[in-house]
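J.: Sequence:
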Amino acid sequence: MDKPANVGDEFGGYYGTAAYSPNSIPEQPVQNRDFNHSKLGRSAGFRLPWGGAQDVMPSNLFARWRPKDLRRMEKREDLLAEAGDQGQLDQESICYAPLAFRSKLIHVFEVYGKGFFCVGLAVSIFMYVTGVFELGPNTTWRSAFFELWPLFFVLAGVPGLMWLSSTLVFTLFPRWSVKAGRGPEWELDRRKGMVRVWRYRRRIPFIGRRTITVFEAPFYEFDGFVAGGVARYGARFDFVLCHRYSKLKVHIGDSLLGWHHNPRPCYALWDFLQNYMDVSCALPEFPVLEPHRHKDPVTAEHDRKSGRPERYWRDMDDKTFKQKEDEMLSRVLSIDTEQRPNLMAKKVRYAHMTPEDMLAYGRGSRQGRNGARAPRPSVGHAQRDWK
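The sequence shown maps to residues 1434 to 1820 in this note's numbering.
None of these hints come from the bench; they were simulated from the model.
Be a bit skeptical, because a hint or two may be false.
Restricting the straight-line Cα-Cα distance to at most 20 Å, the calculated cross-link-like pairs of lysine to aspartate or glutamate (EDC-like) are [as the list claims (entries may be wrong)]:
| hint | residue 1 | residue 2 |
| --- | --- | --- |
| 1 | K1612 | D1671 |
| 2 | K1779 | D1687 |
| 3 | K1728 | E1460 |
| 4 | K1728 | D1523 |
| 5 | K1625 | E1649 |
| 6 | K1728 | E1743 |
| 7 | K1508 | D1751 |
| 8 | K1501 | D1750 |
| 9 | K1680 | D1467 |
| 10 | K1757 | E1771 |
| 11 | K1508 | D1523 |
| 12 | K1537 | D1687 |
| 13 | K1501 | E1654 |
| 14 | K1501 | D1511 |
| 15 | K1625 | E1654 |
| 16 | K1682 | E1649 |
| 17 | K1682 | D1671 |
| 18 | K1779 | E1460 |
| 19 | K1755 | D1488 |
| 20 | K1780 | D1467 |
| 21 | K1682 | D1467 |
| 22 | K1755 | D1502 |
None of the values given here were measured: they were computed from a predicted structure.
From just these sequences and the hints, can you work out the full model?
T.: Okay, structure coming up:
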């Protein structure tokens, strides 16, 4: 296996020998069987092509941490570290470790309580005003309120109490509110180029110690899949990372993306993951990674040469950030994933070949999933002018 260009003495051996770089992927074993998808499963979803990744990410992931949130994170105490949380989101890895049940419950009360309170309050005001006129000419504002207050309490009072209680608990008992869970569930290690998955099992349910099994394999042995399904309001799409040579699925989309009615956010997440793991290029422009960019050698060198401001995202005003968010959404909606060849097909013979695989071999149809002619894969990443 050829090492990535930046593995070695240039950066003091910072990156592992299995670190992912598109130009140093070794020849892969033949995939004799698709362990993770039946014939029905393949008809409901599809494998995403490797290579040609654009400088995009899902817009809801991009805007999850806004500049004001980043500035607040710099000043507040790191309660997660104090609680022993093993999650990670920096220049080395993205590691998902869910919090304990009580922390999740407080968060659910806050998010859903606030959301339903705002909606319920607006509905209650509308019903109150219309009720005064519909209950008759002798109805006063006071009598209308006492007539409708049980409904107001259900619509706005209960969600408001949920929101208030969660806020008070977190404000008064922050260290009790933030509690680490059982441990990590999955990790994408940029520095070493590995994907790790944790499995927790008990021999007898709810009794005894958990046995922990850790599965580890290079990133280039996984393929991104879009899993299609049907929800109450139409089609839904999830992103899943599947190991090519074993029965292992990593539901990364559940924590980073959620499900969507359009597959393009899944395409954007796959491009983001490829760019994040690629040690031949700088870290993606993900705002929450900005405080860690100087710790990654390739990224630090890129930022020095391009003149990128150290606090580009953290010092950005809300209006400018909203423009950046809209630009990201526009790039996601125009992403060209469906017209790309699967460049990994040059390294591995899949059990079930697709037109994109055949295109990478230099034969087969030049048509993408939507019938358009496939363009040449892009080379490298978009350069930004920070000056």
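J.: Give a verdict on every hint.
T.: These are the hints, each one checked on the structure:
1. K1612 - D1671: violated (28 Å)
2. K1779 - D1687: violated (30 Å)
3. K1728 - E1460: violated (31 Å)
4. K1728 - D1523: holds (9 Å)
5. K1625 - E1649: Status holds; Cα separation ~11 Å.
6. K1728 - E1743: The given pair, whose Cα atoms are some 12 Å apart, holds under the 20 Å limit.
7. K1508 - D1751: holds (19 Å)
8. K1501 - D1750: holds (8 Å)
9. K1680 - D1467: holds (8 Å)
10. K1757 - E1771: Answer violated: K1757 to E1771 is near 24 Å, above 20 Å.
11. K1508 - D1523: Cα-Cα ~18 Å, so holds.
12. K1537 - D1687: holds (15 Å)
13. K1501 - E1654: violated (38 Å)
14. K1501 - D1511: holds (17 Å)
15. K1625 - E1654: The hint holds at about 14 Å.
16. K1682 - E1649: holds (12 Å)
17. K1682 - D1671: This hinted pair holds, its Cα atoms lying about 12 Å apart.
18. K1779 - E1460: Holds, at about 8 Å.
19. K1755 - D1488: holds (18 Å)
20. K1780 - D1467: Distance of about 17 Å is within 20 Å: holds.
21. K1682 - D1467: Roughly 12 Å between the alpha carbons, so the hint for K1682 and D1467 holds.
22. K1755 - D1502: holds (14 Å)
Of the numbered hints listed earlier, those contradicted by the structure are 1, 2, 3, 10 and 13.
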